[in-house]
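I would like the entire structure built from these sequences, with the hints used as guidance.
One-letter residues, chain by chain:
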Amino acid sequence: MKRTLLGNEAIAWGLLYAGVDMMAAYPGTPSSEILETYQKIVREKNLPAYAEWSTNEKVAFETAYAGAITGKRTACAMKMVGLNVASDAMMSAAYIGNKGGFLIISADDPGFYSSQTEQDSRYFAKFARIPALDPSDPKDAFRLAVLGVNISEKFEIPVLLRPVLRVCHGRQIVDIPEFEFKGRKGSFERNIERWAAVPRNPRLKQGYELLEKLERIAQFNWDEFLKEQFESLKGGELLLITSGTLYGYAQEVLEDTGIKADVVKVDMPTPLPAEEIVPHLRKYRTVLVLEETYPLIEEQIRHAGNVRGKLTGDVYRIDEATHSRVAEALKRVGALKENIYVGKSYEGEVPPRVPALCPGCPHRTVFYGIKRVFKNRTIYPSDIGCYTLGLNQKAVDTVLCMGASAGLSCGFSKADTEKPIVATIGDSTFLHAGIPPLIDAVANRHRFILVIMDNSTVAMTGLQPTPERIGNVSIPKIVEGCGVKPLILNYDGTIKTTVEFFKKVKETYEKANGPVVAVVNEFCTFDKEKAKLPGKFAKVDQEKCTGCGHCINDFGCPAFEWNDEGKVEVNPYFCVGCGVCLEDLCPFDAFVEDKR
Amino acid sequence: MRYQIVLTGVGGQGTIFLVKVLSRCAMNRGVDFIGTETHGMAQKGGTVISYIKIGNFKAPLVGEGQADLLLGLYPTETLRFLYYLKPNGYVVTNTEGDFPELPGFNVVKAPASQLAVDGKINPKSLNVFMLGVALKTVPDFPFTKEEIEEAITVVNPRFSEANIKALEKGYAYSSE
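Chains as they are written, first to last, in my numbering: chain A, 945 to 1540; chain B, 9 to 184.
What the hints contain is simulated information worked out from the structure, not anything from laboratory work. Hints may be right or wrong, so weigh each one.
[Claimed, not checked] Listed next, the in silico DSSO-like pairs over lysine-lysine satisfying Cα-Cα at most 27 Å (straight line): (1) Lys-1281(A) <-> Lys-1178(A); (2) Lys-66(B) <-> Lys-1288(A); (3) Lys-117(B) <-> Lys-128(B); (4) Lys-1338(A) <-> Lys-1358(A); (5) Lys-66(B) <-> Lys-1281(A); (6) Lys-1275(A) <-> Lys-94(B); (7) Lys-132(B) <-> Lys-1483(A).
[Said to hold, decoys possible] Ranges between beta-carbon positions, derived for each pair: (8) Arg-166(B) <-> Pro-1223(A): 58 to 64 Å; (9) Gly-127(B) <-> Phe-1056(A): 37 to 43 Å; (10) Gly-112(B) <-> Glu-1527(A): 46 to 52 Å; (11) Pro-147(B) <-> Phe-1056(A): 36 to 42 Å; (12) Asp-148(B) <-> Asn-1497(A): 45 to 51 Å; (13) Ala-170(B) <-> Glu-1293(A): 33 to 39 Å; (14) Glu-1527(A) <-> Gly-38(B): 56 to 62 Å; (15) Met-9(B) <-> Asp-1538(A): 45 to 51 Å; (16) Met-9(B) <-> Glu-988(A): 29 to 35 Å; (17) Cys-1492(A) <-> Arg-37(B): 55 to 61 Å; (18) Gly-105(B) <-> Thr-1452(A): 45 to 51 Å.
Here a beta-carbon is modelled for each residue, glycine too, at the ideal position from N, C-alpha and C.
So this is what it looks like as structure tokens:
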């Protein structure tokens, strides 16, 4: 049946089509819709399959991998920085292998749209010595998800599927053939030498087996994906070796510009049968490699001598693929005279629109309260989530990776003893990677404040449920178990209560000789179950507004705008009626209720 | 048929819904479709841009200077992404107050935010209202009103009545 699908939805369909009956994931843009869709289809069709949101990517990996050890077909999904967290398990699982097919889906984000790095997950596959598949569009993502599961089972090795943002969040019409879904009964069979292989000899043996497997997979790559393409090449001026979305861009740019060149699509960029490929490359004057994000294919075939790409400085080396960047590369190799992808920009000024916390978001009030109490001479380590945007209120000084607010605070507390430290972390991030550094802080008496901003949802990635919501896991009890009795605030939508609370936190901190933890129970404004927006809309009394800018600089609701008179106005289209600004924000009480 | 649309706005305005509707229209018509949408980081009020390519296309993004239509749900974001439009392409945009002249392009304006605040259109259907404006004013718009109504009904049956009403209002607005 034909459907219009997101790439992530197509991947979920692919998993089910391939008989994957167990899946685990941790949410992260651009990967989150894979498990969401998988779960939705399983529920709607009442399929015998299991899906879960795990506590972090490593747990997701291990949960799904265990299924594959018992002979089930399984998958785990994450964004690429999540693969860093799961990498410990992945590196080892590569040696051990699996019985049922096991697909690791790691979604890359070229262009840093919602990620702190641009890392190329295909390199992780090469590093771990497992195959990687690189889909070019949603249709292809369906095809390669299915093939990935099959290849994994055939060679008893984890396979990595690496869709990029524009595949995950690309939309296309995908034909999903009818299929009958059958789960498998998992059965763990004791094989201590395999599943519990220890150093040195059992592991060494697995290492040799892995190398031999890789050679077989490279040959498979040639036979199944490449041989026909390369053997039909006649040679000439220019050959484009493409992978992922660049396959689509290359075809469109050739069509738009009328350039004649041959195009090869690489489905599996690693392991690559370079010795089979290179003789064919020599039939061309120039070979241009187009791939995202790093030069993985190029590195493996550059010794042909006529290969150009990122390593030769001919192809862009950072940011995402565009028509224009492909055209520039074709210009560099002499195939194109002029880049046709040039538009006319608006010549006037367009005010920048920086990412900001949503109107009505409790995080904003909490950051405002923290800032009012702890002022500027404080270090504010923060973490990965919506609340990173507290940087607009200058209440976030560092963003490193999941859980690092607490980890960095441990170090700051010993390295800079002059300044107070107030770290902020969300509930899901705390459960994901914030607990070990808190334990470290208790054990080693690191003195800082950890504010857990708890809206009991993964808001950033689209409101996925958290352990609190699905399993009654209690963050205050965890904190207490680590050795600190947390101070708790039930957010009530007023600046007054929030500031009073942080004054109390400060008093506690002044007497403390270890970490102080504050848990603020909040809500996400998009959370239909929990959001409390009283419908008190705001406007600005223009007589009272002095244009001092306090509300815009220190609170920064996106509904506040400067007008031509140098005063502030509330844009009624953005105001959600949280009512927070009506009291204790403006030094001149200029915010008044806008009765609608 | 080959038609490329760049759709811009701010988070929460429902650009993704419009991508779903137009992709559905393409499917029902039996023509190819590829596009890409903004999910995730764009909170309410953040910049959002989606790409819609109807016909035999292979790549998800629209090339600069290639779009036939720039459909803007928020004025600043329309101007920000003007460079995607081809010469003499169409701009159909929501405006607030003054909107600059854009020589070299065909511009259709509608004060949709104000209509929403005044209660004349449902703020949640501003996206579909603007689609209605485009449908009426852009001569080579790839789908008919009936095709769009059908897609709207399938993509979100619960709100189809409100959305079709908004489409009608957009369609009628521009003919005034």
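Hint check results:
1. Lys-1281(A) <-> Lys-1178(A): 25 Å, holds
2. Lys-66(B) <-> Lys-1288(A): Holds, because 24 Å separates the two Cα atoms, which is no more than 27 Å.
3. Lys-117(B) <-> Lys-128(B): This hinted pair holds, its Cα atoms lying about 16 Å apart.
4. Lys-1338(A) <-> Lys-1358(A): 23 Å, holds
5. Lys-66(B) <-> Lys-1281(A): 23 Å, holds
6. Lys-1275(A) <-> Lys-94(B): The given pair, whose Cα atoms are some 21 Å apart, holds under the 27 Å limit.
7. Lys-132(B) <-> Lys-1483(A): With a Cα-Cα distance of about 21 Å, the restraint between Lys-132(B) and Lys-1483(A) holds, given a limit of 27 Å.
8. Arg-166(B) <-> Pro-1223(A): 58 to 64 Å: Given about 60 Å between the Cβ atoms, the range holds.
9. Gly-127(B) <-> Phe-1056(A): 37 to 43 Å: Between Gly-127(B) and Phe-1056(A), where Cβ atoms are some 40 Å apart, the hint holds.
10. Gly-112(B) <-> Glu-1527(A): 46 to 52 Å: Since Gly-112(B) and Glu-1527(A) have Cβ atoms about 50 Å apart, the given range 46 to 52 Å holds.
11. Pro-147(B) <-> Phe-1056(A): 36 to 42 Å: At roughly 39 Å between Cβ atoms, Phe-1056(A) and Pro-147(B) fall inside 36 to 42 Å, so the hint holds.
12. Asp-148(B) <-> Asn-1497(A): 45 to 51 Å: Taking Cβ atoms as reference, Asp-148(B) and Asn-1497(A) lie about 47 Å apart, which means the hint holds.
13. Ala-170(B) <-> Glu-1293(A): 33 to 39 Å: Taking Cβ atoms as reference, Ala-170(B) and Glu-1293(A) lie about 36 Å apart, which means the hint holds.
14. Glu-1527(A) <-> Gly-38(B): 56 to 62 Å: Because 58 Å falls inside the window, the suggested range holds.
15. Met-9(B) <-> Asp-1538(A): 45 to 51 Å: 47 Å, holds
16. Met-9(B) <-> Glu-988(A): 29 to 35 Å: Check passed, 33 Å falls within 29 to 35 Å.
17. Cys-1492(A) <-> Arg-37(B): 55 to 61 Å: 56 Å, holds
18. Gly-105(B) <-> Thr-1452(A): 45 to 51 Å: Once the Cβ atoms are compared, 50 Å apart, the range 45 to 51 Å for Thr-1452(A) and Gly-105(B) holds.
Taken one by one, the earlier hints all hold for this structure without exception.
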